[in-house]
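**Student:** What follows is each chain in one-letter form.
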Amino acid sequence: MKKKLLYITLAESLMQDILSGSLEAGSKVLSVRDMAMQSKVNPKTVQKAFEYLEAREIFESRHGEGRFVTSDAQKLQSIKALLIEEEIDNFISVIANIDIPKEEILKLLANKLEDK
Amino acid sequence: MKNILEVKAVNQKIQDDIILDKITFNVEDNSIIGLFGPNGVGKSTLLRKIANCEITDGDIYINGIANDFTKFRTDVMLVTSDIDIPRSLTLNQYCSLLELSFDVDKAFVKEYAQKLDINLNKRISTFSKGNREMAQLIACFATHSNLILLDEPLSAIDIYKRDTVLEMIIDSKLNGKTIIITTHLIDDIADILDRVIYIHDTKIDFDLDIEAIQIESSSIADYLKNHFRGE
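Here the protein sequences come in this chain order: R and U. Residue 33 is where the first sequence starts when you use the working numbering, and the numbers rise one by one after that. Residue 168 is where the second sequence starts when you use the working numbering, and the numbers rise one by one after that.
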């Protein structure tokens, strides 16, 4: 089973923070240095997490000002899809070794969602 | 990036027992390396050789200059629980003593002594073992040495202070230092590492970028289990 790289986990937790509002849209993001020291992870990992979010236009770099969370509603909306997609990829890789027809999985999933 | 450290064919024998057999690796400037392996595999011996404390069969270069254990060098520092700092001194006095040979960043000492609740003006003899270790770490990271070797730095430090010690290590990397760490608490430091070197049975068993491990396993401990199951 493929495991998640730490920078992806970090990027995801930042996206969760944006969804929950603890990291506000349009606000300035900590520097790589401060984020690394605060979350006790290697600065290189933080750099990669930031690059991941920049590539997806969730963070934007403004020259000389630092990094900001996007305030573009459409891009903020795309976070949900990104997080769900990651979870689905994860789910698929976990169940890859279980021999079960696709229809069965979909049915089970639909039932579970119904129960929620 | 340049190599701050080059270890070339380093051997160690105790009587007829081979402890280290032609250990060879390079360390890039400005990285954090985990040096792991079972007890008695020679990790501490290797660190002492790198720190220039012992005669070495093989070659070790730091900042491009060959180690010669008869000469004192200030570009490498080793922190272990056997090399203790003079207990009759305070941390402030110890730093003044270090200043005879090193540049010491006093602001760094003050900052981390405060964060770790270490009294700068109390004799080290009054400290607990954990506090002595932290005092030693602070002093060592505050020097201008750009290669810091930590032999079991977290063993006596309680979990509430551990995060601050990790922060100090990251801070030091950001200030340009290279850090090599041995510890049993592998997964406590996994997130700060750039690379893992694993010594087993006198040789380097694997030498991997941390991401190569993360992609295979959820933790370094897990990776080790699978690695040795495969043998």
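Think of the hints as simulated: they come from the structure by calculation, not from any bench. Heads up, some of the hints might be wrong.
[Said to hold, decoys possible] For lysine-lysine, the following BS3-like pairs were computed, each having C-alpha atoms within a straight-line distance of at most 30 angstroms:
{"#": "1", "chain 1": "U", "residue 1": "Lys238", "chain 2": "U", "residue 2": "Lys189"}
{"#": "2", "chain 1": "R", "residue 1": "Lys72", "chain 2": "U", "residue 2": "Lys169"}
{"#": "3", "chain 1": "U", "residue 1": "Lys328", "chain 2": "R", "residue 2": "Lys76"}
{"#": "4", "chain 1": "R", "residue 1": "Lys35", "chain 2": "U", "residue 2": "Lys370"}
{"#": "5", "chain 1": "R", "residue 1": "Lys72", "chain 2": "U", "residue 2": "Lys189"}
{"#": "6", "chain 1": "R", "residue 1": "Lys139", "chain 2": "R", "residue 2": "Lys72"}
{"#": "7", "chain 1": "R", "residue 1": "Lys80", "chain 2": "U", "residue 2": "Lys238"}
{"#": "8", "chain 1": "R", "residue 1": "Lys134", "chain 2": "R", "residue 2": "Lys80"}
{"#": "9", "chain 1": "R", "residue 1": "Lys76", "chain 2": "U", "residue 2": "Lys238"}
{"#": "10", "chain 1": "R", "residue 1": "Lys76", "chain 2": "U", "residue 2": "Lys370"}
{"#": "11", "chain 1": "U", "residue 1": "Lys180", "chain 2": "R", "residue 2": "Lys80"}
{"#": "12", "chain 1": "R", "residue 1": "Lys80", "chain 2": "R", "residue 2": "Lys107"}
{"#": "13", "chain 1": "U", "residue 1": "Lys180", "chain 2": "R", "residue 2": "Lys72"}
{"#": "14", "chain 1": "R", "residue 1": "Lys72", "chain 2": "U", "residue 2": "Lys273"}
{"#": "15", "chain 1": "R", "residue 1": "Lys60", "chain 2": "R", "residue 2": "Lys139"}
{"#": "16", "chain 1": "U", "residue 1": "Lys328", "chain 2": "R", "residue 2": "Lys72"}
{"#": "17", "chain 1": "U", "residue 1": "Lys169", "chain 2": "R", "residue 2": "Lys60"}
{"#": "18", "chain 1": "R", "residue 1": "Lys36", "chain 2": "R", "residue 2": "Lys134"}
{"#": "19", "chain 1": "R", "residue 1": "Lys76", "chain 2": "U", "residue 2": "Lys392"}
{"#": "20", "chain 1": "U", "residue 1": "Lys328", "chain 2": "R", "residue 2": "Lys80"}
{"#": "21", "chain 1": "U", "residue 1": "Lys328", "chain 2": "U", "residue 2": "Lys180"}
{"#": "22", "chain 1": "U", "residue 1": "Lys273", "chain 2": "R", "residue 2": "Lys76"}
{"#": "23", "chain 1": "U", "residue 1": "Lys328", "chain 2": "U", "residue 2": "Lys189"}
{"#": "24", "chain 1": "R", "residue 1": "Lys144", "chain 2": "R", "residue 2": "Lys80"}
{"#": "25", "chain 1": "U", "residue 1": "Lys289", "chain 2": "R", "residue 2": "Lys80"}
{"#": "26", "chain 1": "R", "residue 1": "Lys72", "chain 2": "R", "residue 2": "Lys35"}
{"#": "27", "chain 1": "U", "residue 1": "Lys189", "chain 2": "R", "residue 2": "Lys80"}
{"#": "28", "chain 1": "U", "residue 1": "Lys180", "chain 2": "R", "residue 2": "Lys76"}
{"#": "29", "chain 1": "U", "residue 1": "Lys328", "chain 2": "R", "residue 2": "Lys36"}
**Student:** Any hints this thing doesn't respect? Which numbers, in order?
**Tutor:** 5, 6, 7, 8, 9, 11, 13, 15, 17, 21, 23, 24, 25, 27 and 28
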